[in-house]
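Sequential numbering of the sequence shown, starting at 1, is according to full-length UniProt numbering.
In case anyone wonders, no lab produced these hints; they're calculated from the structure. Computed from a predicted structure; not experimentally measured. Using N, Cα and C, we set each Cβ at its ideal position, and we do this for glycine too. All clues stand as given, with none of them false.
Mimicking SDA-like on lysine to any residue, the simulated pairs with C-alpha atoms at most 20 Å apart in a straight line are:
hint: 1; residue 1: Lys-166; residue 2: Val-149
hint: 2; residue 1: Lys-252; residue 2: Thr-263
hint: 3; residue 1: Lys-166; residue 2: Asp-147
hint: 4; residue 1: Lys-232; residue 2: Gly-209
hint: 5; residue 1: Lys-166; residue 2: Asp-152
hint: 6; residue 1: Lys-148; residue 2: Ser-236
hint: 7; residue 1: Lys-197; residue 2: Lys-396
hint: 8; residue 1: Lys-303; residue 2: Gly-289
hint: 9; residue 1: Lys-283; residue 2: Ile-314
hint: 10; residue 1: Lys-300; residue 2: Asp-318
hint: 11; residue 1: Lys-252; residue 2: His-270
hint: 12; residue 1: Lys-232; residue 2: Ala-144
hint: 13; residue 1: Lys-197; residue 2: Glu-330
hint: 14; residue 1: Lys-169; residue 2: Ser-219
hint: 15; residue 1: Lys-166; residue 2: Gly-209
hint: 16; residue 1: Lys-232; residue 2: Glu-265
hint: 17; residue 1: Lys-303; residue 2: Glu-242
hint: 18; residue 1: Lys-329; residue 2: Glu-342
hint: 19; residue 1: Lys-360; residue 2: Ala-338
hint: 20; residue 1: Lys-232; residue 2: Leu-143
Just the calculated beta-carbon pair ranges, DEER-fashion:
hint: 21; residue 1: Ala-362; residue 2: Thr-129; range: 14 to 24 Å
hint: 22; residue 1: Thr-192; residue 2: Ser-299; range: 26 to 36 Å
hint: 23; residue 1: Glu-281; residue 2: Asp-130; range: 25 to 35 Å
hint: 24; residue 1: Glu-187; residue 2: Asp-130; range: 46 to 56 Å
hint: 25; residue 1: Ala-171; residue 2: Glu-298; range: 43 to 53 Å
hint: 26; residue 1: Arg-189; residue 2: Glu-330; range: 25 to 35 Å
hint: 27; residue 1: Arg-189; residue 2: Gly-209; range: 17 to 27 Å
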Amino acid sequence: MENINTRLQELFNKNQWTPEECEWFLELLRLKSPAELQQYFQEDYLSNLFKEQPTDLQHAQKLLQQIHQKAGIQPRETPVVQMAARKKWWRIAAAAIGIISIVGIGYLFIPKNNKQEAQSISRKHLPATDVSAPKNSRAMITLANGDKVFLDSINKGQLALEDDVKLMKLATGEVIYQAGNGEALKETRYNTLSNPKGSKVATIVLSDGTRAWLNAGSSLTYPVSFIDNDRKVSVSGEVYFEVTSLLAEGKKRPFLVQTNHTTIEVLGTHFNVNSYEDEPEAKITLLEGSVRIRKNNESKLLKPGEQAQVSSIIRVVDDIDEEEVMAWKEGFFQFAGADVEEVMRQLSRWYDVEIVYEGKPAEQHFRGGISRDVEVSKVFEMLESTGAIRFRIEGKRIIVMP
1 MENINTRLQE
11 LFNKNQWTPE
21 ECEWFLELLR
31 LKSPAELQQY
41 FQEDYLSNLF
51 KEQPTDLQHA
61 QKLLQQIHQK
71 AGIQPRETPV
81 VQMAARKKWW
91 RIAAAAIGII
101 SIVGIGYLFI
111 PKNNKQEAQS
121 ISRKHLPATD
131 VSAPKNSRAM
141 ITLANGDKVF
151 LDSINKGQLA
161 LEDDVKLMKL
171 ATGEVIYQAG
181 NGEALKETRY
191 NTLSNPKGSK
201 VATIVLSDGT
211 RAWLNAGSSL
221 TYPVSFIDND
231 RKVSVSGEVY
241 FEVTSLLAEG
251 KKRPFLVQTN
261 HTTIEVLGTH
271 FNVNSYEDEP
281 EAKITLLEGS
291 VRIRKNNESK
301 LLKPGEQAQV
311 SSIIRVVDDI
321 DEEEVMAWKE
331 GFFQFAGADV
341 EEVMRQLSRW
351 YDVEIVYEGK
361 PAEQHFRGGI
371 SRDVEVSKVF
381 EMLESTGAIR
391 FRIEGKRIIV
401 MP
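Please construct the entire structure, taking both the sequences and the accompanying hints into account.
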């Protein structure tokens, strides 16, 4: 809590916030519990702001609508107002009303000591007709006790201590778990690393030394310390693993990944799991070692270079393009015959945009690659070169035109 209070104090002493700071603040409002937020917003450095802002939700919503009208955008309910409506947090909604997301790109901040600026929003704050690639990580870890640690908002050092395991952030930005030398734990405690859409790839080292990389829109739930005979984790989205071999009483301890009613069993290997809910099937690609895929009563053993495509059945293919599979981890989009909707799903997660189709998407397949650090318009230039499809950017909405 001390780190969050420190950052809040720094932000509310500024007259202008960066887009990244606005994102962090809105994420805090969305993810923290009412009790936690109440503690943060009772601090002295916010007292003057509360006094200057309206204390009635209806007034706050009216002010928000006026800001939207002056900015020339369609009004929409923000996370701040949604939270206030549920919990009747009039004062928090009013205090935060000056930080508005304009279709997710541009941001407005009304300085706390100048109310007149709320009535004259400059056109320079309007969103551009492009969407930038993620510039920082919005990942967070939810601890076993429910506390949340925002990884990009804290400096290196110890982040948390659960039982005898330290959660550390290195100077490189990598997050690791370090097991202590205390007594063996009797109860398994779980943490969850969540990496939302529009966030850079997140990396973590588990207490057994296993490394995991999370793509945007993904999460990984894992034990703080692996005390059972096997090592069980669960995945949503896309995660690449480099699993360490681990011995217990002279026997190797299997590493189990649960996703979409499918279990992946490994001993020590490198593999990629793509199990987004909006994809038609889960794909498990083996790069090194061996893994066994189980679903219902079916079981398949993979060899390096093979991919299991899991829907109602498990299908194994060996003609995959490993560069395409692992391009996200290396900082690229790589398409090797992907159709329009598959490409759009990838762009939606990375740029955190909404995809809208005007009519049925063209029967078009794309091949080629481009850096994931470019603006979304650069990706569209590459796709439009085929002549079979066109795109239009409207803030954080991408219109796909046949």
